[in-house]
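Chemist: The chain contents come next:
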Amino acid sequence: TQLLEQSPQFLSIQEGENLTVYCNSSSVFSSLQWYRQEPGEGPVLLVTVVTGGEVKKLKRLTFQFGDARKDSSLHITAAQPGDTGLYLCAGIQGAQKLVFGQGTRLTINP
Amino acid sequence: GAGVSQSPSNKVTEKGKDVELRCDPISGHTALYWYRQSLGQGLEFLIYFQGNSAPDKSGLPSDRFSAERTGGSVSTLTIQRTQQEDSAVYLCASSLGPRPNTEAFFGQGTRLTVV
Numbered sequence: 001t002q003l004l005e006q007s008p009q010f011l012s013i014q015e016g017e018n019l020t021v022y023c024n025s026s027s028v029f030s031s032l033q034w035y036r037q038e039p040g041e042g043p044v045l046l047v048t049v050v051t052g053g054e055v056k057k058l059k060r061l062t063f064q065f066g067d068a069r070k071d072s073s074l075h076i077t078a079a080q081p082g083d084t085g086l087y088l089c090a091g092i093q094g095a096q097k098l099v100f101g102q103g104t105r106l107t108i109n110p
Numbered sequence: 001g002a003g004v005s006q007s008p009s010n011k012v013t014e015k016g017k018d019v020e021l022r023c024d025p026i027s028g029h030t031a032l033y034w035y036r037q038s039l040g041q042g043l044e045f046l047i048y049f050q051g052n053s054a055p056d057k058s059g060l061p062s063d064r065f066s067a068e069r070t071g072g073s074v075s076t077l078t079i080q081r082t083q084q085e086d087s088a089v090y091l092c093a094s095s096l097g098p099r100p101n102t103e104a105f106f107g108q109g110t111r112l113t114v115v
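From first to last, the protein sequence lines stand for chains X and E. Note that my numbering has the first sequence beginning at 1, numbered continuously upward. Note that my numbering has the second sequence beginning at 1, numbered continuously upward.
Calculated from the structure, these hints are not laboratory results. Among the hints, erroneous ones may be present.
[Claimed, not checked] For each label pair, taking beta carbons as the anchor points, the in silico distance ranges come out as:
1) T70(E) <-> S27(X): 29 to 37 Å
2) V55(X) <-> D18(E): 24 to 32 Å
3) L3(X) <-> R99(E): 18 to 26 Å
4) G82(X) <-> R81(E): 37 to 45 Å
5) G52(X) <-> L96(E): 18 to 26 Å
6) Q93(X) <-> V12(E): 32 to 40 Å
7) E85(E) <-> T51(X): 21 to 29 Å
8) G72(E) <-> G82(X): 32 to 40 Å
9) G28(E) <-> S27(X): 27 to 35 Å
10) E5(X) <-> L39(E): 14 to 22 Å
11) T78(E) <-> E15(X): 22 to 30 Å
12) D18(E) <-> E5(X): 32 to 40 Å
13) G51(E) <-> S12(X): 37 to 45 Å
14) T107(X) <-> S73(E): 20 to 28 Å
Glycine included, every Cβ here is placed at the ideal spot set by N, Cα and C.
For reference, chain E alone in the conformation it holds in the complex:
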């Protein structure tokens, strides 16, 4: 399909290890978002990429979190030295851009469990 694809769908890691989460956005979408969702709660904004502009990193909870987007397409969210409080579902979304009518299309998320 042509939707947003995230991998892996589930990840169990030991406390202290690093993890990488991948997002393949819809082709042609210039905007890409990462959100974190805990236990069916709302979406906590993490980071936002728009075209070639500098990303908005204002939502990253600590310097253990980083993300990059290569070639304006695939994005990787990296969490270093994982902690138990990092356990959550990490959702990626893409859109045509921050215009008022634009729709964000979401992947199914990566469920991260830190043990």
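Next up, chain X with everything else stripped away, as it sits in the complex:
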């Protein structure tokens, strides 16, 4: 059973389109993080959201933490080929381990 469910698992769109990736759980998290991973590399942190309802922007990427702190979304505006990669959400419960979702593999076609 996956503690964090990501959807979609695969997404292929054209350059310039917008997209949203979702990360859902039935559990409450102290915080949720989004990481991006490129082939042959380890994941790299993009953002951490801590407060329910929080919205953070990173250039064309917008991250939101659900009011109940059980879910999060990543929205990309005007996607570019450089956005291609594996996007992973991760959560911390209390003072415990960091757990990851199964990832969303995003491909942006020129």
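Following the hints, put chain E in place on chain X, whose structure we already have.
Modeler: Coordinates of chain E only, in the frame set by chain X:
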């Protein structure tokens, strides 16, 4: 550099042999994690060390898997009697601890192939 270092980067082993994977975390990081990743999928949690606390071993898939962390620094993940289904990329990460804002820094992983 001062990042997380993993060795070896690639390991090919015969079914039934034991393997040891090493992780050198960032100095001063009290938390250390091992994850397994198959074919570009998500990260499967294996084990978590935090300071001097007993490790959280809840993710280890079988008793063939074990890990230790010596002196609160270097960690070794050992897989005994390897099976083909153990083939994956094993990722190590370290962080300052399980606080909400902490960032996990990952090594580049060890790609294990069991033939």
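Chemist: Go through the numbered hints given earlier and state which of them the structure violates, listing their numbers in rising order.
Modeler: 2, 7, 11 and 14
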